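Protein chains in written order, with the numbering used here: chain A, -6 to 334; chain B, -6 to 334; chain C, -6 to 334; chain D, -6 to 334.
If you are wondering where the hints come from, they were derived from the structure by calculation, not from laboratory data. None of the values given here were measured: they were computed from a predicted structure. Some hints here could point you the wrong way.
Copies of one chain are not kept apart here, so a pair can be met inside one copy or by any two copies together.
[As the list claims (entries may be wrong)] For lysine-lysine, the following DSS-like pairs were computed, each having C-alpha atoms within a straight-line distance of at most 30 Å:
hint	residue 1	residue 2
1	Lys180	Lys30
2	Lys30	Lys(-4)
3	Lys180	Lys37
4	Lys(-4)	Lys52
5	Lys180	Lys71
6	Lys71	Lys(-4)
7	Lys52	Lys180
8	Lys30	Lys52
9	Lys37	Lys52
10	Lys110	Lys213
There are 4 protein chains.
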Amino acid sequence: MYKIAILGASGYTGAELIRIINNHPEMEIEVLAAHSKAGLRVDKVFPHLRSLELPTLIKIEDIDYSNIDLCICALPHKTSQEIIKRIPTDLRIIDLSADFRLENADDYERWYGNAHKALEVQDEVVYGLTEFYRQEISGARVVAGTGCNAATGQYILRPLVEKGVIDLENIILDLKCAVSGAGRSLKENLLHSELSEGTNAYSVGGVHRHLGEFDQELSKIAGRAVNIQFTPHLIPANRGILATAYVNGNYQAVREALSQRYENEHFIHILPSGETPSTHHVRGSNECHIGIVSDRIENRCIIVAALDNLTKGSSGQAVQNANLMLGIDETVGLSLVPLFP
Amino acid sequence: MYKIAILGASGYTGAELIRIINNHPEMEIEVLAAHSKAGLRVDKVFPHLRSLELPTLIKIEDIDYSNIDLCICALPHKTSQEIIKRIPTDLRIIDLSADFRLENADDYERWYGNAHKALEVQDEVVYGLTEFYRQEISGARVVAGTGCNAATGQYILRPLVEKGVIDLENIILDLKCAVSGAGRSLKENLLHSELSEGTNAYSVGGVHRHLGEFDQELSKIAGRAVNIQFTPHLIPANRGILATAYVNGNYQAVREALSQRYENEHFIHILPSGETPSTHHVRGSNECHIGIVSDRIENRCIIVAALDNLTKGSSGQAVQNANLMLGIDETVGLSLVPLFP
Amino acid sequence: MYKIAILGASGYTGAELIRIINNHPEMEIEVLAAHSKAGLRVDKVFPHLRSLELPTLIKIEDIDYSNIDLCICALPHKTSQEIIKRIPTDLRIIDLSADFRLENADDYERWYGNAHKALEVQDEVVYGLTEFYRQEISGARVVAGTGCNAATGQYILRPLVEKGVIDLENIILDLKCAVSGAGRSLKENLLHSELSEGTNAYSVGGVHRHLGEFDQELSKIAGRAVNIQFTPHLIPANRGILATAYVNGNYQAVREALSQRYENEHFIHILPSGETPSTHHVRGSNECHIGIVSDRIENRCIIVAALDNLTKGSSGQAVQNANLMLGIDETVGLSLVPLFP
Amino acid sequence: MYKIAILGASGYTGAELIRIINNHPEMEIEVLAAHSKAGLRVDKVFPHLRSLELPTLIKIEDIDYSNIDLCICALPHKTSQEIIKRIPTDLRIIDLSADFRLENADDYERWYGNAHKALEVQDEVVYGLTEFYRQEISGARVVAGTGCNAATGQYILRPLVEKGVIDLENIILDLKCAVSGAGRSLKENLLHSELSEGTNAYSVGGVHRHLGEFDQELSKIAGRAVNIQFTPHLIPANRGILATAYVNGNYQAVREALSQRYENEHFIHILPSGETPSTHHVRGSNECHIGIVSDRIENRCIIVAALDNLTKGSSGQAVQNANLMLGIDETVGLSLVPLFP
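Same shape as in the complex, but just chain A (with noise of 0.2 Å):
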């Protein structure tokens, strides 16, 4: 049994690396930490984790590090990286913060404000986006989570970026995310009272931070600089990203390209002609829906793709990438079958 750390225990990501840790056949939970819970059970933190045997929560500086296979860091951006400075350098870690998805630390800062204070651990880090940097992350000794949004865009685009099937000054992303993506933060756009029975765009006009991902990716597979537009909304659900792209390219081409990338894939599923995806259909599991339309438009094409944000866009991501970095299977673990209704 692979021992895991997991750091910063009391988020919704945490919590989510708890329930599908503590049922993976090859892991078990060795250390559970969190800054402002240390001292306390999960189950004052999480009651729904309460018939769960866990170890009390601890102070990050009061790890032992020396029985630790893995660390999986759930920290807020800024907060991980002068964590994981700090963590034993021959320590294989993911960390699901965005301190360490952008490979240049002039865009890390203009994304997101603050300086890089971790350049050295940088270059060792992978780029967590499994399907398509499953040899790296096997071999890292860092790996960077993705964005749960970037995640379900690059599903979509990747391929056909890759394929050169659609015109790349002309990507629209339109996304509709569950408020837990926001995590458990006491803000008041996220009561209940303020989110339940409507829906905003928020981040309007390319600047959500997620966009830095979908820059150096794209760009990089284009080989040019790749910008695209990119809008979120929040919609009243806990769990889910339902991302609608609009493209230009042909319908065959398109559907190819998703299809043969994905035809070997366990957990991303191309659906058939004439179906999108739901979240609903998608949720707690680490799955992918896509859906690909033909528009009436010539030429256009409408592919919509699903995932649960907690799940595939970040802790069952990190289970995945876990697997691969431990010499396990990579769905060991993963067989979370979708909770509807």
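Following the hints, complete the assembly by docking chains B, C and D onto the known chain A.
Relative to chain A, chains B, C and D alone:
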């Protein structure tokens, strides 16, 4: 007091008409008709209307029109045209169905799949988007209430097409629609269990019927065929449409076109720079809020509009049009402050 | 036009007061005050009020009372008494906090944990349950708005205790409460992620503060100590309280007591035999719906009441009381048809 | 691998059985049958099961039972008994309908309104409340899965009646029930528009059918007729039952009765003093959480229990019973960590 007959009073738009007209100082509800519920008191169909003094529901064929100043039909399409052709031809009518929205009978048949059976009425019809057909509506015998999605989108797009400030080949409208737009119909996908806590696209690829209205209206303005891309999404909320439009055009020109067009409109509000609207903030009101944002990509704008599909998108629009038709000030009875939270 | 000052306009009851008073034909909002939001336009705090013409928020200490006919305080308890004792003593006040609901200062301290600091005001206070203190409210200088849960329960219980038709030793009140009752406060359990899609009891075992009101009022009526059992539950909805009362008494006597008591009340509706109410059907209105059912066990009745906590349970009650205090017909401005769906 | 047939696989309990059994290490799904959906792949009925390898839905009459180790019937009551009487009489069966829950045919007819047509099967039936019929279930040919409400209430009440620590004349059970308990049926009150954002009581006054189970079971334990009061309420959530029980009895005795009874139970958790459960924290799991609180009134206790109606209340219970019937450890396949948020 003008006497109003509501035909099709057992659906959500019927109930919304009752809610509004009940408090209207110059109208009173004289007749409520509904096919399958005829004979029932309204509170048996809508317990929330329990405290109002309302006529009992009667059959449509039993209506005595002699006393009526205006009919509002909130019937399903196809049924509506059958009923309306039998209403006395000197009576003024507002129809909320799709039956008279499209001027061209072939267009109607193409989008709705059935032949137009009341062409003699069609000639007297004015399209009911108040702010753009005000004068024609005032004198019309029959007004065709717009589709709720079509209204929301046109509030964004019409001024832009009129002023010629956007590229007509690249108009994308991504809608997030609350479920009451689908009516009080017993369909599996409208069940709480199937709908709450998730979202999905529907009618993807240019097949939603409201495109007939967009095509007709925008092409008329442009003087050439204008086809937009339009993807609606169902969100877990009961009221509200949020439309996110992606257009190519200069931000200042776009903002100016919209601001100028609506500066004297009572119910359409252009938000200050930097703000975008939320369906939370228009619930139950006759308001439409529009926010305009410049994308990071040059010459691209995102425009977001929010309205309540049952009010401004349907029954509120109907009362606004009824005011015009009856010579009442357009805003009377429509000071409906949004209900929040 | 009577000029109203609202102190504490940035919370939900403040917003609800604005919604109602804005459309009131004999009142106008002269002052809006709020501590931390002073200086802001109302739409910065409540975007749903964007289209109204309202005074800018000011500091409470900057209010010029010379022009004001009535103050409504929608402030937190403890703060409220501090503010109210400094308001000119000839000004009429409705206080929505808990600070003046309990006549006895010891009771106040016991339930609220802090000493009563405005005993000089307490002597002038009338308890604000309109239907039972109508005459006193008309002449009162200060009216203490009731707790929303306390109002709902009393609408069921008062007539039964008055008529002596139920066993005073066995009164159980099980409440299902929407979240806006907790205000616009940043608490983890009020986040959408924590609250939607589930329910839980809180303040279990007779510790909820509104019991102070039940004890005071029911004991006063009975002429002896009456203690009820009261368990509130938080449900995933924004507005509404559903109270289910379990009492021992003859069904006919119970129904008669309630029917007779409310037959001339404008806002309280006893449902026909066989029907029970729903919070869906009172949303945004000043109505209370009450259904009465005989249990299969002899001499047991279940009474269910529904009202909107922000309207009839708080701000609607306040306006109803304000009407009385200002000599306006009690129902003016309160023809708020429930918003459904 | 034991081979399982699921009859009635197109409802929510059917889908939940598939979710659980699909990951069960000692069971496999051999047959999925459903009347109206026969011939369809499961993902056409339940898109969330898209990624599973499952047999195509067949007609119930086409099932080949020769290969089957256990049948689970998730059919509507009345239909279920017709089907089950035609299943080979040596096959072991778990029935999730109400058809075999009541031992006495008259009771069945009284509560369900139709005659019992499979009395020959009834003799072989064991009531499926695992923790109380463990041994009988192990040897039973037919197990009648309990009503979900009946299970929740009995988890609270059985130990108290067994130990004689509460007054049998004053037992009140107030339930808050999520909508999936009503199944995937097209009823107006189950629409999102009718249900979300509000709550109401139903089957008030002792008429809910699950009372048949309470009467039977509690009377059997007490050795005398025990009738409880029971009021269910529909809450806007998809999964979960919260039962609030009001009983007269000594707090310590009540807590002791419950704690002792469940101290060795894997799935039933008595919460520490001062805590009460939430349906949020059992979603998708086979757990039942129970909190016990002393009321301020002497000798009164409030006990609150939470479980997921589709899991512990139905399909999880079925798998737990199937484990017993097949000689598998009772907890196998049921380590379903609650999904939160």
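Structure-based check of all given hints:
1. Lys180 - Lys30: So lysine 180 and lysine 30 pass the 30 Å test inside a copy (19 Å) and across (16 Å) alike.
2. Lys30 - Lys(-4): Answer is within; shortest intra-copy Cα gap is 22 Å, inter-copy 46 Å.
3. Lys180 - Lys37: both (21 Å within a copy, 16 Å between copies)
4. Lys(-4) - Lys52: Classified as within; 18 Å inside a copy, 48 Å across copies.
5. Lys180 - Lys71: both (19 Å within a copy, 24 Å between copies)
6. Lys71 - Lys(-4): Close inside one copy (26 Å), not across copies (51 Å); limit 30 Å.
7. Lys52 - Lys180: The answer is both: 25 Å in one copy and 24 Å across copies each meet 30 Å.
8. Lys30 - Lys52: within (8 Å within a copy, 37 Å between copies)
9. Lys37 - Lys52: within (16 Å within a copy, 40 Å between copies)
10. Lys110 - Lys213: within (24 Å within a copy, 58 Å between copies)
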